[in-house]
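2 protein chains.
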Amino acid sequence: MKTKLFSALILSANCLIARAQTNQPADDWKPATSNLPGQQYPQVNSEGRVRARIQAPQAQNVQLDISGIKFPMTKDTNGFWTGDLPPQDQGNHYYGFAVDGAEVPDPNGSFIFGSGAWRTDVEIPASDQDFYALKNVPHGQLREIHYFGKTSNADRHCFVYTPPGYDKNPNKRYPVLYLLHGYNENETGWGHQGRASFIMDNLIAEGKVTPFIIVMENNSIATRPGFVPRGAPPDGGPRRGNGRGMFDFSGFEHALMGDVIPFIDANFRTIADQRHRALAGFSMGGMQTHAIALAHLDRFAYIGIFSGGSIATNEITDMAAFKKKIKLVFVSYGSRELDPANRRGPFTGDPKAEVAGLKAAGVHCVFYESPNTAHEWQTWRRSLHEFAPLLFKN
Amino acid sequence: MKTKLFSALILSANCLIARAQTNQPADDWKPATSNLPGQQYPQVNSEGRVRARIQAPQAQNVQLDISGIKFPMTKDTNGFWTGDLPPQDQGNHYYGFAVDGAEVPDPNGSFIFGSGAWRTDVEIPASDQDFYALKNVPHGQLREIHYFGKTSNADRHCFVYTPPGYDKNPNKRYPVLYLLHGYNENETGWGHQGRASFIMDNLIAEGKVTPFIIVMENNSIATRPGFVPRGAPPDGGPRRGNGRGMFDFSGFEHALMGDVIPFIDANFRTIADQRHRALAGFSMGGMQTHAIALAHLDRFAYIGIFSGGSIATNEITDMAAFKKKIKLVFVSYGSRELDPANRRGPFTGDPKAEVAGLKAAGVHCVFYESPNTAHEWQTWRRSLHEFAPLLFKN
Numbered sequence: 043m044k045t046k047l048f049s050a051l052i053l054s055a056n057c058l059i060a061r062a063q064t065n066q067p068a069d070d071w072k073p074a075t076s077n078l079p080g081q082q083y084p085q086v087n088s089e090g091r092v093r094a095r096i097q098a099p100q101a102q103n104v105q106l107d108i109s110g111i112k113f114p115m116t117k118d119t120n121g122f123w124t125g126d127l128p129p130q131d132q133g134n135h136y137y138g139f140a141v142d143g144a145e146v147p148d149p150n151g152s153f154i155f156g157s158g159a160w161r162t163d164v165e166i167p168a169s170d171q172d173f174y175a176l177k178n179v180p181h182g183q184l185r186e187i188h189y190f191g192k193t194s195n196a197d198r199h200c201f202v203y204t205p206p207g208y209d210k211n212p213n214k215r216y217p218v219l220y221l222l223h224g225y226n227e228n229e230t231g232w233g234h235q236g237r238a239s240f241i242m243d244n245l246i247a248e249g250k251v252t253p254f255i256i257v258m259e260n261n262s263i264a265t266r267p268g269f270v271p272r273g274a275p276p277d278g279g280p281r282r283g284n285g286r287g288m289f290d291f292s293g294f295e296h297a298l299m300g301d302v303i304p305f306i307d308a309n310f311r312t313i314a315d316q317r318h319r320a321l322a323g324f325s326m327g328g329m330q331t332h333a334i335a336l337a338h339l340d341r342f343a344y345i346g347i348f349s350g351g352s353i354a355t356n357e358i359t360d361m362a363a364f365k366k367k368i369k370l371v372f373v374s375y376g377s378r379e380l381d382p383a384n385r386r387g388p389f390t391g392d393p394k395a396e397v398a399g400l401k402a403a404g405v406h407c408v409f410y411e412s413p414n415t416a417h418e419w420q421t422w423r424r425s426l427h428e429f430a431p432l433l434f435k436n
Numbered sequence: 043m044k045t046k047l048f049s050a051l052i053l054s055a056n057c058l059i060a061r062a063q064t065n066q067p068a069d070d071w072k073p074a075t076s077n078l079p080g081q082q083y084p085q086v087n088s089e090g091r092v093r094a095r096i097q098a099p100q101a102q103n104v105q106l107d108i109s110g111i112k113f114p115m116t117k118d119t120n121g122f123w124t125g126d127l128p129p130q131d132q133g134n135h136y137y138g139f140a141v142d143g144a145e146v147p148d149p150n151g152s153f154i155f156g157s158g159a160w161r162t163d164v165e166i167p168a169s170d171q172d173f174y175a176l177k178n179v180p181h182g183q184l185r186e187i188h189y190f191g192k193t194s195n196a197d198r199h200c201f202v203y204t205p206p207g208y209d210k211n212p213n214k215r216y217p218v219l220y221l222l223h224g225y226n227e228n229e230t231g232w233g234h235q236g237r238a239s240f241i242m243d244n245l246i247a248e249g250k251v252t253p254f255i256i257v258m259e260n261n262s263i264a265t266r267p268g269f270v271p272r273g274a275p276p277d278g279g280p281r282r283g284n285g286r287g288m289f290d291f292s293g294f295e296h297a298l299m300g301d302v303i304p305f306i307d308a309n310f311r312t313i314a315d316q317r318h319r320a321l322a323g324f325s326m327g328g329m330q331t332h333a334i335a336l337a338h339l340d341r342f343a344y345i346g347i348f349s350g351g352s353i354a355t356n357e358i359t360d361m362a363a364f365k366k367k368i369k370l371v372f373v374s375y376g377s378r379e380l381d382p383a384n385r386r387g388p389f390t391g392d393p394k395a396e397v398a399g400l401k402a403a404g405v406h407c408v409f410y411e412s413p414n415t416a417h418e419w420q421t422w423r424r425s426l427h428e429f430a431p432l433l434f435k436n
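Which chain is which? The protein sequence lines are A and B, in order.
Each number in the working numbering corresponds to the 1-based position in the first sequence with 42 added.
Each number in the working numbering corresponds to the 1-based position in the second sequence with 42 added.
Treat the hints loosely; a few may be bogus.
Copies of one chain are not kept apart here, so a pair can be met inside one copy or by any two copies together.
[Unchecked claim] Straight-line alpha carbon distances no greater than 20 Å define the calculated DMTMM-like cross-link-like pairs of lysine to aspartate or glutamate that follow:
#1 Lys177 with Asp197
#2 Lys192 with Glu411
#3 Lys369 with Asp315
#4 Lys250 with Glu428
#5 Lys365 with Asp307
Derived by calculation from the structure, the hints in this document are not laboratory data.
Full structure from sequences and hints, please.
What follows is the structure, given as structure tokens:
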């Protein structure tokens, strides 16, 4: 089932399910910051456990579901079922309930699109959550854009982050980052659970980045309506080989070149050249970045691949030209993804070694490892936070 | 329970539940246009019935829930439960499932915020749906804005519609409509289920409106965190009397005057005077419009009250001043709301007679009746569509 293909990758918490189930939970539960305003559940504790609750008086069995792994819940005399998830990584996690077999979101949570459906997410407090917090600093705008794409022959929909001051400086032009999402995610992810706007607002307030525009498209929608990735192996599992061959990215590649970039350059005050254009993404979006950037060195000067492979020196046919054009190759992973014992991603090879190879060849290359996170949004929030300050500075 | 107070009003379809349950449904079911892409359910037929489905193999009883009224579903051998709603009004309706007593959204539908929670909605095709359809016309932008409000002493969040061409004409300034939502709705409603952007884009493309900015704030959030409407009668039902005295709107009034309007005027290219500022809203937002506009005749020249009362001549202390300042009073209702036998709203009096009284006194006044709709979004979409062309033209 295609919506399940990457579920184990994109749903988070995948590495931690088994640990720390033996002890009693710390009794310092608080409503999650992500809850619907006023809702007391789900709650989180200092260990990163999640306690969720739903009223289902006639149900025989209600379970708490994360990444398709189900945990028991128990019913009280008022018909409320309560259950805990074991400690989760810091950051954002998708979860839901199975009510007598019906898989449904938690009506009390925060609703986001992820893993192929509208779901509930819960926010686990993080030691570094300050960098993506809403603060009293100048804010950019997240603009919802509809336009018709002639190349796609389709209505297109994207979100565009414009930095603080964009409207106040009508003669100023900005570089652009095209920021892609993963498989079974969509154009809402970076702006909602990815916290891209707050990450940028805070970095800009700290003077750490050159302000730029971010474009968040639906990079699953290609030139044809009904486009679906093809070439998935018969067992439904991910194909190895750095992602190459697993998907057909040509549809999105044509749309990006024929519709998205021309529309953005025509409708926003961009600096419309290669030196001021970056391409990045996570998971499938990292694989797309890899494929599209290598095929269009004349279009992008900065490349960011988050949990989506890396670039091997033998993929670069003209190293001199590559070094002249590409100002940065940024590769990141969650530390748990890099542990061979825990590896769940579709990416083989050794990204650290590949980055070292690029460095040895003289490419400006940065490898970032997100501590104690897996194939999940906290890795990608941190990746954007590390990547953004490196852009458009050389 | 406060989230239930207005449910019967804000959830739609409230007048039609009982009719047409006797006949066999027309067998021309199609997936609703509002579904999650690729999902076959919910479906709608030519009678406006809704057929929804959910897999719940171990459930004993699954019901289809609209406005708290539950309809039976039946289970097939694969564990899928299917059930129908009776014919609904054209337009948007919120619904959900009750799975062995657990009230949950339909994971296949479109998720919106309404009636105090994240819910599923379904779109019933309408004879006039063209006016709010996504078309290949120049589109405005729906901008998500965060800012800190000193008067509120709180982070504020709104959506701002800027018309097509806003960025291309950096010296052009625009009038502004402040457009309010109803009780238990929030700042996302007009942009999502209200289709405000598409309504405006289409009217502008047809040359029928003077382009203007629309500001969609959370008009439940007031100067104090935890603000809740007060004064609801002990039985939880709506208090009569044109809404006056039912809520305390002073918190939002202070925020609108102290935070919202100053922020918008400072950060968007508005024409920042009374003649170029309108205030409108539906249900509770109509009551707020009524209360705030009458108290601030120096701030708003156009008043729109959708399903939220009207203005009686005896409320106007200085009719000569009122007529000089107020260029339009627009009052609208769904036809089913006006039928005394079906009346469910909190509004007494006769809005048509009140409007006739204003007209007789020489006020420029328009009464609009939405055919065959109730206290629901189709009434308010149509109201905006009728109201917008009348703004900023005299």
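Do the hints match the structure? See the list:
1. For the identical chains of this complex, Lys177 and Asp197 are inter-copy neighbours only, at 9 Å across copies versus 35 Å inside a copy, given an alpha-carbon limit of 20 Å.
2. In the homo-oligomer, the alpha carbons of Lys192 and Glu411 never lie at most 20 Å apart, since the shortest distance is 40 Å inside one protomer and 40 Å across protomers.
3. With identical chains, the CA atoms of Lys369 and Asp315 are at most 20 Å apart within one copy only, with a shortest distance of 13 Å there and 49 Å across copies.
4. Proximity of Lys250 to Glu428 under the C-alpha cut-off of 20 Å is restricted to the intra-copy arrangement: shortest distance 10 Å within a copy versus 48 Å between copies.
5. Proximity of Lys365 to Asp307 under the C-alpha cut-off of 20 Å is found in neither arrangement, the shortest distances being 25 Å within a copy and 47 Å between copies.
Of the numbered hints listed earlier, those contradicted by the structure are 2, 5.
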